[in-house]
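Number of protein chains: 2
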Amino acid sequence: MSKKDQITRERILNEAEALFAKNGYDAVSVREITTAARCNLAAVNYHFGNKQKLYLDVFRARWVPRARRVQEYFREFLASRDTVSTSAVAQALAEAFLKGPLSDEERQRQSQLMTRELIQPTEAFELLAGEVLRPFFKELADTLKPFMPEGLGNEGIALNILSMFSMVIYFNFARVVVSRITGRDYDAAFKDRLVEQIVEFSINGLGGGKKKGA
Amino acid sequence: MSKKDQITRERILNEAEALFAKNGYDAVSVREITTAARCNLAAVNYHFGNKQKLYLDVFRARWVPRARRVQEYFREFLASRDTVSTSAVAQALAEAFLKGPLSDEERQRQSQLMTRELIQPTEAFELLAGEVLRPFFKELADTLKPFMPEGLGNEGIALNILSMFSMVIYFNFARVVVSRITGRDYDAAFKDRLVEQIVEFSINGLGGGKKKGA
DNA sequence: GTTTGTTTGATACAAATGTTTATATTAAAA
DNA sequence: TTTTAATATAAACATTTGTATCAAACAAAC
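Chains A and B supply the protein sequences, listed in that same order. Following my numbering, the numbering of the first sequence begins with 1 at its first residue and continues without gaps. Following my numbering, the numbering of the second sequence begins with 1 at its first residue and continues without gaps.
Don't read these hints as lab results, they were simulated from the structure. Any given hint might turn out to be false.
No copy is singled out in the list; a pair is fine if it fits within one copy or between any two copies.
[Claimed, not checked] Cross-link-like lysine-lysine pairs, in silico, PhoX-like; alpha carbons within 25 Å at most:
id : residue 1 : residue 2
1  : Lys191    : Lys145
2  : Lys99     : Lys191
3  : Lys51     : Lys22
4  : Lys22     : Lys53
5  : Lys51     : Lys191
6  : Lys145    : Lys51
7  : Lys22     : Lys138
8  : Lys191    : Lys22
9  : Lys145    : Lys53
10 : Lys51     : Lys138
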């Protein structure tokens with residue numbers, strides 16, 4: 001428990017985030033949150049106005065900062081490489097999102113909250129898109145542009161980024177399917193394997209890639 | 001309106017599916033459903049037992065059959081090709097899921113319902129996984145196996161399929177992001193473009209692919 | 001020590017929730 | 001026609017919901 005954890009407002013944010021991520025907005029009651037945060041029911045109203053605003057503040061105070069940390073990790077990973085290339089970008093992306101600076105629990109929360117907003121956008125999506133997604137996509141596009149085939153326009157680049165992104169996102173939020181299909185748990189070794197997969201697939205698609213056994 | 005639409009039970013299933021997909025299980029009340037279906041509140045209890053069982057029956061009676069139609073479309077598309085190859089499989093997959101036999105509304109519902117189950121699996125996920133996902137993955141793996149690099153084990157094949165799948169899924173449920181990033185609506189032309197993207201990326205990854213302009 | 005602004009606490013309340021019950025209506029069978 | 005089963009309806013149930021109220025406790029400033 002950090003020092004801030006003592007403060008009611010912070011405790012509420014923590015518990016609210018965990019519950020919203022796990023069960024979704026409507027399935028979580030204010031009472032659940034305040035009970036988990038060991039505070040009074042009225043505290044939510046006092047600190048955040050109402051449930052909706054609390055939900056939004058979870059994104060402001062938790063989701064967005066964490067997303068920034070992931071992006072920062074991505075930048076540093078890329079900077080640590082001697083040369084930038086498409087494969088380096090793909091690897092940095094996969095590393096940042098599948099391993100990166102977040103704990104496994106944080107990673108799950110993060111992708112659950114985002115995916116919920118993708119399926120059914122609320123006000124939080126505007127925040128998420130404006131403050132995180134758009135700028136990061138622009139950054140990625142600028143980074144990748146020099147290494148892309150000549151004729152590929154901005155749209156082509158965008159779609160390539162989205163393709164990489166889809167894997168990163170999917171391998172995070174669809175763990176239950178990935179585990180069921182591959183029969184593997186999300187331990188460190190498997191995450192390494194997934195990073196490898198994303199990088200290889202991003203570079204070579206289905207056919208190529210380094211042959212593992214042969 | 002079909003003939004079956006006259007029957008209360010079917011009307012409830014239709015409206016329940018639409019509402020569950022759009023707003024999620026907890027955000028939808030039984031009253032909303034019965035109002036939309038123009039029937040009495042108690043009809044849900046009478047025909048399905050309770051709300052949970054109705055939700056499950058939506059998957060049984062609507063989702064699973066539709067998924068089968070998509071898979072059938074995939075098979076026929078693949079069979080119509082003179083030769084089977086990785087690219088043919090990728091194309092059939094993208095065509096089936098992004099265009100295929102479903103209406104655009106159906107496609108959205110389908111992926112919304114599934115994605116909700118991926119984020120937060122309920123009993124419906126077991127149905128979905130056992131009756132649809134697993135068999136289809138096995139079918140895909142068997143189809144692709146002969147064309148995969150020698151050393152690639154079953155896990156490698158599975159991960160490649162999942163990588164393709166991630167794009168197909170993502171481009172369906174994250175429309176709001178894809179549209180915002182690319183600035184394009186999900187019309188026929190853009191869906192063609194997405195199919196092309198998925199196929200190209202699946203075959204060549206980032207670097208290769210046919211140069212569009214140059 | 002008093003005052004001031006902030007935070008917490010217990011309680012209240014109207015609205016909405018899923019479910020049940022008892023009754024009415026309709027359709028089919030005898 | 002009478003009987004029987006299937007379906008639909010209206011009303012009520014006990015809970016749970018988000019939010020509001022108001023007094024108590026608290027900390028900091030004067």
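Check your understanding: So which of those numbered hints doesn't the model satisfy?
Key -> 5, 6, 7, 9 and 10
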